[in-house]
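Participant: Just so you know, the protein sequences line up as chains R and B, in that order. Heads up: the first sequence at position 83 corresponds to 83 in the working numbering, and the numbers run straight through without jumps. Heads up: the second sequence at position 66 corresponds to 66 in the working numbering, and the numbers run straight through without jumps.
Careful, some of the hints might be misleading.
[Stated by the list, open to error] Quick list of simulated restraints, FRET-style, between CB atoms:
hint: 1; chain 1: R; residue 1: T3; chain 2: B; residue 2: S62; range: 19 to 27 Å
hint: 2; chain 1: R; residue 1: Q83; chain 2: B; residue 2: Q54; range: 22 to 30 Å
hint: 3; chain 1: R; residue 1: L84; chain 2: B; residue 2: L39; range: 45 to 53 Å
hint: 4; chain 1: B; residue 1: I12; chain 2: R; residue 2: K78; range: 19 to 27 Å
hint: 5; chain 1: B; residue 1: R22; chain 2: R; residue 2: A98; range: 38 to 46 Å
hint: 6; chain 1: R; residue 1: T18; chain 2: B; residue 2: Q54; range: 42 to 50 Å
hint: 7; chain 1: R; residue 1: E52; chain 2: B; residue 2: N18; range: 40 to 48 Å
hint: 8; chain 1: R; residue 1: A98; chain 2: B; residue 2: S62; range: 23 to 31 Å
[To be verified] To give an idea of the interface, some chain B residues facing chain R are shown, with a C-beta separation under 8 Å as derived from the structure:
hint: 9; residue: S27
hint: 10; residue: R31
hint: 11; residue: G42
hint: 12; residue: A53
hint: 13; residue: G72
Hints are computed from structural coordinates only; laboratory data are not their basis. Glycine residues also receive a C-beta, built at the ideal position from the N, C-alpha and C atoms.
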Amino acid sequence: AQTVTQSQPEMSVQEAETVTLSCTYDTSESDYYLFWYKQPPSRQMILVIRQEAYKQQNATENRFSVNFQKAAKSFSLKISDSQLGDAAMYFCAYRSNAGNMLTFGGGTRLMVKP
Amino acid sequence: DTGVSQNPRHKITKRGQNVTFRCDPISEHNRLYWYRQTLGQGPEFLTYFQNEAQLEKSRLLSDRFSAERPKGSFSTLEIQRTEQGDSAMYLCASSLSRLGGVEQFFGPGTRLTVL
């Protein structure tokens, strides 16, 4: 079974600075997807960014980018120019190409200081 | 509103009672998923439908839990004889298989409190 681990329960960043959230996963598969989801307080979860394992190029979405290290099974999220609205729980998630369910990590609470 | 909707948003019940939650997916999304999220944890997969067929169930889904999607549109999740350990946020998500079904869109969740 696949597992996803987020080793940072909480992170803090100053507004306009850059922060990196860590995620590692365990799988024996070679074809899969990785995601970062954002869950603001009392609001629904939204997709921030996704990465296909077969792609070597790291995904980017505006201020959000990932560092995907397939051999190391590492998938970190970098948020540049942090904004107050980035404050939320961030979840790393894994999906096998052969399956449909998402396997989530335990989450990292990001606080943004003005 | 074209997003995933869930009702009710909050439910408080007494131990032993039955509860039912409803999820309306994004229109035309043929895949629907249920997850459970306890406080401070990531969501855990419960079950998955493609159209009206329930194709996958987690071992977390005990006999007291049942999910349906009768016409391939909305879905219901029923918990019978609720226990305090059932207290959690129940999340619904949907996706479109025509696009590979990779991205799942989540609803706001139903928060269940069992007293």
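Participant: Run every hint past the structure and note whether it holds.
Facilitator: Results for each hint:
1. R:T3 / B:S62: 19 to 27 Å: For T3 of chain R and S62 of chain B the Cβ distance comes to about 22 Å; the hint holds.
2. R:Q83 / B:Q54: 22 to 30 Å: violated (41 Å)
3. R:L84 / B:L39: 45 to 53 Å: Violated - the Cβ-Cβ distance for L84 of chain R and L39 of chain B, about 24 Å, lies outside 45 to 53 Å.
4. B:I12 / R:K78: 19 to 27 Å: violated (41 Å)
5. B:R22 / R:A98: 38 to 46 Å: violated (30 Å)
6. R:T18 / B:Q54: 42 to 50 Å: With Cβ atoms ~44 Å apart, the hint holds.
7. R:E52 / B:N18: 40 to 48 Å: Holds - the Cβ-Cβ distance for E52 of chain R and N18 of chain B, about 42 Å, lies within 40 to 48 Å.
8. R:A98 / B:S62: 23 to 31 Å: holds (26 Å)
9. S27: Hint on S27 of chain B: violated, closest Cβ of chain R at ~17 Å, above 8 Å.
10. R31: Result: holds, 7 Å to nearest chain R Cβ.
11. G42: holds (3 Å)
12. A53: Violated - the Cβ of A53 of chain B stays beyond 8 Å from chain R, reaching only about 12 Å at its closest.
13. G72: For G72 of chain B, the interface hint is violated, since the closest Cβ of chain R sits about 16 Å away, which is over 8 Å.
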